[in-house]
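If you want the building blocks of each chain, they are given just below.
2 protein chains.
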Amino acid sequence: MLADNVPAWAPEGTRQARADLSRLIEPGDLLGSITVSVLGAERTLHLIRSGQKPSASDQQNVGEAAESSGLTPRQRKLSEALARWRTRLAQIGDTQMLRSLGRQGGGLLIPEDAAWPRQLGDLGAAQPIGLWFRLSGSDDHDPYASVSGHLPRSGRSVAVVGSREMTDYGGHVAWETARELAGYSVTVISGGAYGIDAAAHRGTLAGAQRGHRPAIAVLAGGVDRLYPAGNEGLFKDVLRHGIVLSEMAPGSAPTRHRFLQRNRIIAALSAAVVVVEARWRSGALSTAHHAMDIGRPVGAVPGSVLSASSAGCHRLLRHTPAHVVTDAADVMELVAAEGPHIGAQAPEVIESSQRHAPVEDFFSALDGLDEAARRIYDALPVRRVTTPGRLSEIAGLPIPQIFAGLSRLERTRLVRRSQGGWGRAAPSRDIGS
Amino acid sequence: MLADNVPAWAPEGTRQARADLSRLIEPGDLLGSITVSVLGAERTLHLIRSGQKPSASDQQNVGEAAESSGLTPRQRKLSEALARWRTRLAQIGDTQMLRSLGRQGGGLLIPEDAAWPRQLGDLGAAQPIGLWFRLSGSDDHDPYASVSGHLPRSGRSVAVVGSREMTDYGGHVAWETARELAGYSVTVISGGAYGIDAAAHRGTLAGAQRGHRPAIAVLAGGVDRLYPAGNEGLFKDVLRHGIVLSEMAPGSAPTRHRFLQRNRIIAALSAAVVVVEARWRSGALSTAHHAMDIGRPVGAVPGSVLSASSAGCHRLLRHTPAHVVTDAADVMELVAAEGPHIGAQAPEVIESSQRHAPVEDFFSALDGLDEAARRIYDALPVRRVTTPGRLSEIAGLPIPQIFAGLSRLERTRLVRRSQGGWGRAAPSRDIGS
Numbered sequence: 001m002l003a004d005n006v007p008a009w010a011p012e013g014t015r016q017a018r019a020d021l022s023r024l025i026e027p028g029d030l031l032g033s034i035t036v037s038v039l040g041a042e043r044t045l046h047l048i049r050s051g052q053k054p055s056a057s058d059q060q061n062v063g064e065a066a067e068s069s070g071l072t073p074r075q076r077k078l079s080e081a082l083a084r085w086r087t088r089l090a091q092i093g094d095t096q097m098l099r100s101l102g103r104q105g106g107g108l109l110i111p112e113d114a115a116w117p118r119q120l121g122d123l124g125a126a127q128p129i130g131l132w133f134r135l136s137g138s139d140d141h142d143p144y145a146s147v148s149g150h151l152p153r154s155g156r157s158v159a160v161v162g163s164r165e166m167t168d169y170g171g172h173v174a175w176e177t178a179r180e181l182a183g184y185s186v187t188v189i190s191g192g193a194y195g196i197d198a199a200a201h202r203g204t205l206a207g208a209q210r211g212h213r214p215a216i217a218v219l220a221g222g223v224d225r226l227y228p229a230g231n232e233g234l235f236k237d238v239l240r241h242g243i244v245l246s247e248m249a250p251g252s253a254p255t256r257h258r259f260l261q262r263n264r265i266i267a268a269l270s271a272a273v274v275v276v277e278a279r280w281r282s283g284a285l286s287t288a289h290h291a292m293d294i295g296r297p298v299g300a301v302p303g304s305v306l307s308a309s310s311a312g313c314h315r316l317l318r319h320t321p322a323h324v325v326t327d328a329a330d331v332m333e334l335v336a337a338e339g340p341h342i343g344a345q346a347p348e349v350i351e352s353s354q355r356h357a358p359v360e361d362f363f364s365a366l367d368g369l370d371e372a373a374r375r376i377y378d379a380l381p382v383r384r385v386t387t388p389g390r391l392s393e394i395a396g397l398p399i400p401q402i403f404a405g406l407s408r409l410e411r412t413r414l415v416r417r418s419q420g421g422w423g424r425a426a427p428s429r430d431i432g433s
Numbered sequence: 001m002l003a004d005n006v007p008a009w010a011p012e013g014t015r016q017a018r019a020d021l022s023r024l025i026e027p028g029d030l031l032g033s034i035t036v037s038v039l040g041a042e043r044t045l046h047l048i049r050s051g052q053k054p055s056a057s058d059q060q061n062v063g064e065a066a067e068s069s070g071l072t073p074r075q076r077k078l079s080e081a082l083a084r085w086r087t088r089l090a091q092i093g094d095t096q097m098l099r100s101l102g103r104q105g106g107g108l109l110i111p112e113d114a115a116w117p118r119q120l121g122d123l124g125a126a127q128p129i130g131l132w133f134r135l136s137g138s139d140d141h142d143p144y145a146s147v148s149g150h151l152p153r154s155g156r157s158v159a160v161v162g163s164r165e166m167t168d169y170g171g172h173v174a175w176e177t178a179r180e181l182a183g184y185s186v187t188v189i190s191g192g193a194y195g196i197d198a199a200a201h202r203g204t205l206a207g208a209q210r211g212h213r214p215a216i217a218v219l220a221g222g223v224d225r226l227y228p229a230g231n232e233g234l235f236k237d238v239l240r241h242g243i244v245l246s247e248m249a250p251g252s253a254p255t256r257h258r259f260l261q262r263n264r265i266i267a268a269l270s271a272a273v274v275v276v277e278a279r280w281r282s283g284a285l286s287t288a289h290h291a292m293d294i295g296r297p298v299g300a301v302p303g304s305v306l307s308a309s310s311a312g313c314h315r316l317l318r319h320t321p322a323h324v325v326t327d328a329a330d331v332m333e334l335v336a337a338e339g340p341h342i343g344a345q346a347p348e349v350i351e352s353s354q355r356h357a358p359v360e361d362f363f364s365a366l367d368g369l370d371e372a373a374r375r376i377y378d379a380l381p382v383r384r385v386t387t388p389g390r391l392s393e394i395a396g397l398p399i400p401q402i403f404a405g406l407s408r409l410e411r412t413r414l415v416r417r418s419q420g421g422w423g424r425a426a427p428s429r430d431i432g433s
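In order, the protein sequences belong to chains A and B. Following UniProt numbering, the numbering of the first sequence begins with 1 at its first residue and continues without gaps. Following UniProt numbering, the numbering of the second sequence begins with 1 at its first residue and continues without gaps.
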C-alpha cells in the first residue's frame with residue numbers, strides 16, 4: 001500500500017518553503033501551484049528569492065503543465081509570475097512563524113503530508129499550496145499529533161452555507177439541519193461568517209456527540225485572526241470542538257477575492273454543499289458553483305418566494321442541477337446518492353431514504369381499494385345508511401358487484417352495516433381537491 | 001383544410017346520445033370511451049338500452065381497441081361493461097335536460113364538435129365522453145354561439161391548483177400569480193374548491209383585461225350544482241367572466257373518485273400545471289401526476305420547509321421533474337420552454353425569459369474587472385488612501401501592473417485619487433460570504 005511507503009509527515013524544509021510560498025502567491029494564481037508541483041516548493045522559493053531567471057527547461061516544463069491545465073499564453077509566463085511573487089518577499093523573513101503558530105495549537109498541512117485531505121486534489125491546479133490549521137492548543141500539546149482527527153473525512157462532511165443577512169427562518173433551518181447532521185456523525189463545514197454560517201456552526205456544536213469533532217470553519221484570512229471579531233465566542237467553541245482552516249498565511253487579511261477563493265476550499269472539502277439562504281447575488285452561490293464545477297452535489301433549502309433571502313436558493317434550483325433539501329435527512333440522501341464512499345458506513349442513510357415514499361403513491365389512501373370498491377365507498381352515505389339497490393344505481397355497478405365490493409370494504413373496516421343498510425364506518429374528512 | 005369539411009356542430013342525435021352516456025358511464029371507466037369511439041355514441045347507447053347482447057364483431061372490435069389501450073383482459077369484457085352501464089338506465093329518461101340546461105346558459109360539448117378542445121385527446125382512452133359547460137346565460141342567448149371564446153386555447157392556459165387548507169402565504173401567491181397570468185392573457189384553470197383554487201380564480205378575475213375571459217372552473221360534479229356552496233359568489237363571478245366545465249352530467253354529485261378523475265381534465269386542458277401549496281398527501285398532487293403522464297410541464301411553488309402546506313410541493317420538486325416557480329414570469333417561461341404552440345404569439349414570454357440572467361453570472365459584480373484589477377481593488381483601503389508601493393506589496397503585483405490596474409479602475413470610477421494616494425471610490429458594503 002502506498003500509505004506504508006509515504007512518511008506520515010513531509011520534511012520540515014518542504015513545509016517551511018510552502019509556508020513562505022503561501023504568503024507570496026495569492027489564491028487563484030494558478031501558475032503558482034502549477035510551478036510548485038512541477039519544480040517543487042524549495043526550487044520555486046529559491047527562484048523567487050534569488051531573483052534568478054528561470055532556466056529554459058524550467059520555463060518549458062512549467063509552461064507545458066500550465067497549458068494542459070488550460071491557462072492562457074499570458075497566464076503561462078513564468079518570468080512574469082516570478083516578478084509578481086517577488087513583490088511580497090519582505091513579508092517572509094519570519095522563520096519563527098510556524099513555531100509560534102505551533103504554540104497556539106496550529107500548523108501548516110501540505111500535500112506531501114499523509115494527513116492532507118485528498119479531496120482537495122479535485123481542484124486540480126487550484127489546489128491550495130497549503131492549509132493552515134488551528135486547534136484549541138496548549139503549550140505541551142503537539143497540534144500535528146491530533147490534527148488528523150479533526151480533518152473532514154471524505155464523504156462524511158457537508159458544507160452548510162448561506163448569506164450573512166439571514167431571516168429567523170434561515171437561522172432556524174441552518175441550526176437545526178447542522179445539529180441533525182452532527183447527530184449523523186457528519187462534520188459540518190462553514191465559513192465562520194455572521195448569519196447562516198454562524199447558525200450552522202452553532203447547530204453543529206449543539207448536536208456533537210461525545211468524541212466527535214464536528215465543526216470546521218474555513219476562513220478567508222489567517223487562522224490567527226478569527227474574522228469577523230464579533231464571532232469570537234463562536235470561534236472559541238469551534239476551536240474547542242473542531243478546527244479552523246485557511247489557505248492564507250497567518251496575519252493575512254480577508255478580502256473579497258479571498259472570500260470567493262476560500263469558497264472553493266469549502267466546496268472541495270465537502271461531500272455535498274447545502275445553501276440555506278442566499279440573496280439573488282450572494283457569495284454563498286459561488287460556493288455552490290465551485291461545488292458543481294468539481295462534481296459535488298448541491299442542495300438548496302427552499303423558502304418563501306416573497307423572501308429576498310431565499311431568492312438565491314430558488315435561482316439555484318431553477319437554473320442549476322441543485323436539489324431541494326428540506327432537512328438533514330434530505331441532505332443525507334443527497335450525500336448517499338451522489339457523494340463518494342458514504343453509503344456503506346451509514347445505516348441511518350438507508351433509513352432516511354425510505355422515509356420518503358415514491359411519488360407514485362399519491363393515491364395511497366385509496367390504494368387498498370380496487371376501482372369498484374372505491375366507487376362503492378364513494379356512493380355510500382356519510383351519516384346515513386342505504387340499500388345495495390340504491391348503491392348499484394349511484395355507483396353504476398350491478399348488484400352482485402355491489403355485494404362483493406361491500407364485503408371487501410367490510411373486511412377493511414371502511415363500511416358498517418346498520419339498521420339493515422350500509423354506511424361508511426367513519427366520516428370522510430376530505431373529498432379531494 | 002379539414003375544418004372546412006367538418007360541420008361546426010355535431011348532429012343533435014349524437015349530442016343527446018353522449019349526454020345520456022355521460023350519465024351512465026363513470027369517469028375513468030376506460031372501456032366506456034373506447035366503446036363509444038369504436039361503435040359510435042348512438043350504437044353504444046342502443047346496446048345499453050335494448051339489453052341486447054353485443055355482436056361477436058362488436059365485441060372483437062372493442063376488445064382489440066381496449067387491448068391496444070393497455071386494458072387488462074378483465075377490463076376488456078364488453079358484456080360485463082354493458083351490465084355495469086345499465087344500472088343507471090332509470091336516470092336517463094329526461095330528454096329535456098339539454099334544452100333546460102341551454103336556458104341556464106349551458107350545454108354539452110362533444111368530440112364531434114369543431115369547438116371541442118383538442119388537448120383532451122392527449123388523454124387517449126381517458127378522454128371524457130363529453131364536456132358539460134355553463135356560462136352566464138340569459139333567455140335570449142344561445143350558449144353554443146359564445147362557448148368557443150371561453151374555452152382554453154391550446155398553449156395559452158395554465159392550471160393553478162393547490163390544497164384547500166392553505167396558509168396566508170399560499171393564498172397570496174396563488175392570487176398574485178393568477179392575477180399576473182391573466183395580465184399575460186392567459187386563461188387560468190382551477191377546480192373551484194376552497195383555499196388555493198378559490199384564491200387562483202379570484203386573482204384571475206382581478207387581473208382580467210377588457211374582453212378577455214380568463215377564468216375556467218372544472219368541477220367534479222354537475223355544472224348545475226356549483227360545489228362547494230360556500231363559493232357561490234365566486235362561481236357567479238366565474239360564470240360572468242368565464243366558464244364552468246364538468247364531464248359529469250347535471251345533477252351528479254362530486255365524490256372523491258370524481259375529484260381525482262376531474263384532475264386529469266384540468267391537466268389536459270392546461271399547457272402547464274402549477275401547484276401553489278399542497279400537503280404531503282394532497283389531491284393537487286394528482287393533478288400534477290396526470291399532467292406529467294401526458295407530458296405537460298409542472299411547476300411547484302416552494303415555501304417554508306417548516307410548513308406542512310408546502311410539503312407536497314417540495315415532494316414534487318424532490319421526486320419528480322417538476323420545476324420551481326416563484327412568480328407568473330417563471331410560469332410563462334415554463335409554458336414557453338415546454339408548452340406547445342405558445343412562443344410565437346407571446347412577446348411577453350421572451351421578455352420574461354430574459355429577466356433571469358443565467359446562473360454563470362455569480363460574479364457579475366466583479367466581471368468587469370480582470371484578476372489583477374480585482375486584487376488591486378481588494379488591496380485599496382476603504383476609508384483612507386495608500387501608495388502604489390504599498391499596494392504592490394499587499395496585492396502581490398509589481399509596480400507597473402499596479403499603475404496599469406489603477407488607471408483601469410479609475411476609468412470605471414471604482415477608485416479615487418486623493419492627497420497624493422489611492423483609495424476606493426465607494427465603501428465596500430459587502431466583502432463576500
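The reader is advised that the hints may include incorrect statements.
[What the hints assert, rightly or not] Going by beta-carbon spacing under 10 Å, a handful of chain B positions derived as facing chain A:
id: 1; residue: 205
id: 2; residue: 311
id: 3; residue: 399
[Claimed, not checked] Computed footprint of chain B on chain A; a stretch qualifies when at least three of its residues, placed anywhere within it, have a C-beta under 8 Å from a C-beta of chain B:
id: 4; stretch: 24 to 30
id: 5; stretch: 61 to 71
id: 6; stretch: 111 to 119
id: 7; stretch: 298 to 307
The set of hints was computed from the structure by calculation and includes no laboratory data. Backbone N, C-alpha and C define an ideal beta-carbon position, used for all residues, glycine too.
Evaluation of the provided hints:
1. Taking 10 Å as the C-beta cut-off, the interface hint given for residue 205/B is violated, the closest approach to chain A being about 20 Å.
2. Of the supplied interface hints, the one on residue 311/B holds, with its beta-carbon coming within about 8 Å of a beta-carbon of chain A, less than 10 Å.
3. For residue 399/B, the shortest C-beta to C-beta distance to chain A is roughly 8 Å, which falls under 10 Å, so the interface hint holds.
4. With a threshold of 8 Å between beta carbons, the proposed coverage of the stretch 24 to 30 of chain A by chain B holds, since 5 of its residues qualify and at least three are required.
5. Counting residues of the stretch 61 to 71 of chain A whose C-beta lies closer than 8 Å to any C-beta of chain B gives 0; at least three are required, and the coverage claim is violated.
6. Residue count for the stretch 111 to 119 of chain A with a Cβ under 8 Å from a Cβ of chain B: 0. That is fewer than the three needed, and the coverage hint is violated.
7. Restraint check on the stretch 298 to 307 of chain A versus chain B: 6 residues with Cβ-Cβ distances below 8 Å, three needed, restraint holds.
Going through the hint list in order, the structure does not satisfy hints 1, 5 and 6.
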